[in-house]
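Colleague: Residues per chain, in single letters:
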Amino acid sequence: MLLEVEGLCVNYGHIEAIRDISFGVEEGTVVTLIGANGAGKTTTLKTLSGLRKVREGKVTFDGKDITHLPPFERVKMGLSQSPEGRGIFPGMSVRENLGMGAYTRRDKPAIAADFDRVMALFPRLEERIDQVAGTMSGGEQQMLAMGRALMARPRVVLLDEPSMGLAPKLIAQIFSIITEINEQGTTVLLVEQNAAQALKRAHTAHVLETGEIVRSGSGSELAGDDSVKAAYLGGDI
Amino acid sequence: MSQTSSAPAGRPLRRLGLWWDHVVDRFGRLPMAVKLLVLVLVVALVYALPLLRPPVITTQEIDFGGVMFGCAAYALIALGLNIVIGYAGLLDLGYIGFYATGAYTVGVLTSFHWHWPFFFALPVAIAVTMLTGVLLGAPTLRVRGDYLAIVTLGFGEIIRICVKNIEWLGASSGIKDIAHPNSIGGGPKPPFEKGGLFSIPRLEWDGFVPSVDRDHTTAFLSFGAVDAVPYYWLLLTALILVLFADRLIKSSRVGRAWEATREDEDAAELMGVPTFRYKLLAFAMGAAIGGMSGAFYASGQSGYVSPDSFLLLYSMLFVAAVIVGGAGNRWGAILGGVLVYYLPERFREFADYRILVFGLALTTLAIWRPQGLLPPRRARRVLRAEEEIRELEGEGAVNV
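If you read the sequences in order, they're chains A and B.
Reading the first sequence from the start, the letters are residues 37 to 273 in the working numbering.
Reading the second sequence from the start, the letters are residues 36 to 435 in the working numbering.
Errors might be hidden in some of the hints.
[Stated by the list, open to error] Example chain B residues on the side facing chain A (calculated, C-beta under 8 Å, incomplete):
1) Leu-87
2) Asp-299
3) Gly-307
4) Pro-309
5) Leu-427
Rather than coming from a laboratory, the hints here were simulated on the basis of the structure.
Glycine residues also receive a C-beta, built at the ideal position from the N, C-alpha and C atoms.
Generate the whole structure from the sequences, applying the supplied hints.
Modeller: As structure tokens, then:
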């Protein structure tokens, strides 16, 4: 397992946001967490990247215990997150945003290579390279957030709701890019409300409900599961 | 309705603003050599200003050299506070506390308890203030936004009230006879010896006709109680050095980390920026520069500090200086600091009304140019993009 979560509990004050969650992310796969609003998906990702404190449980990355490491140490180890709600730097240009993605790195030629790779994945960003990021459309900002996360050259990239608020055509495009990223060798942990698309792309999937994992399986298994269909896929699909 | 009636009144001001931005942009695009030449000329002019005493600009009711010294002190403060507010995005409402710490360190070291020369006390004052910044920042920078403002507000007052009640620090009567900077070429021996390396006459103006005034000369590098100009030169030199350091650090990885932290702290963490450390660094650097300015103030012409020199009001004024100038732009901060000190001094003849007028001017500026007189390039870029979007939407509305 590249990334492993055991018995994770996280609180906001007295409120338990996630309770006793355990799952693993195998190297080279796409793993997805699906669930409704407030189920604890984003909290889980934030905890994995170190923004939230763990109350109980353990997170290991590549065999090392990272439960209490600060976020910047995790980025250096190869764990990078694209935040929810387009958490880009709005006043910086696209180029500067991508530069921030490689903040912990000093290997200039490799950074340039990754920059080209991101440009190839998101031709749209190349067109807008010197535009102020805050003035771009939602879809473009989402691409920027993903591209920026890839600039850290992560071993596993955490994507928080990449399809949120996007037009259907754009959603399909974003998901095919996620598959492409995975095929290029980056492990993906994807958090989504768009269960249909997420399950189609994922090797392994987990359903989160009020802070607990209630069902796990392969993507296609869960897509065929009756209760998942009823709750997250709008009846039949 | 109200929109249409207010639009014509706002037009000329807005046009003036656009023209000003245009001028700034044009200057920014000039070749480096030309910019450097202009800069050198401006700096030379700024050094010579208190001797040239140009009409209109020169204050009539109060010594112009002293006013220029105050302007330079405020510019240095604004430059330091700009690191905290403009670069790192931390609202510090108690900056006067650092200014006071620097001033009192020099006071205690050179007069009240020891008799160190000023130039030994200066680095100690900077170090002590920096340490104060770290001590204040380490526990408080973990809180965000408004809370930090409240904590720093309290800090500024705590320093003042402590100083007022501690006998060891002179209590409410303050500290006097603070050492002046060491004169070079002999100190002044009143009433006739001016000391210094050589003397420079100043200009006197009859209307717009200049003449050389040999009765009032300034002794170069002689620091006494009569002439403020040598202090001004020294402080201006310190300001220029700090300006260079500021430029270096802003364009480094540290500057980028500050910028990311200011824009979105969580996102910055996710990029691998240890935001707490960088915020603390900004706080400490800002504090050190504030303390440095305080040290120069304490050893200035009068060589006297008291708790009343460090009122809460000044903290607000410093924040106003940074905002009015354009938070995030070092030249804007300097301009803001100079204006905030200079305007009330220049308009002293309006007596009690000057503060009212000053307040009105600040309010007008806040409405007309919320981004400041010299906003950083980034803010100008965002504003321009927003303007374009608004224009496109405006056209759409006309078509409908």
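Colleague: Work down the list of hints and note, for each, if the structure agrees.
Modeller: Cross-check of the supplied hints:
A distance limit of 8 Å between C-beta atoms decides the matter here; for Leu-87 of chain B the minimum to chain A is near 40 Å, and the interface restraint is violated. At a threshold of 8 Å, the smallest CB-CB gap from Asp-299 of chain B to chain A is about 6 Å, leaving the interface hint in force. At a threshold of 8 Å, the smallest CB-CB gap from Gly-307 of chain B to chain A is about 3 Å, leaving the interface hint in force. The interface hint given for Pro-309 of chain B is met, as the beta carbon of that residue sits about 5 Å from the closest beta carbon of chain A, less than 8 Å.
Interface hint status for Leu-427 of chain B: violated, as the beta-carbon distance to the closest one in chain A is roughly 12 Å, over 8 Å.
Of the numbered hints listed earlier, those contradicted by the structure are 1 and 5.
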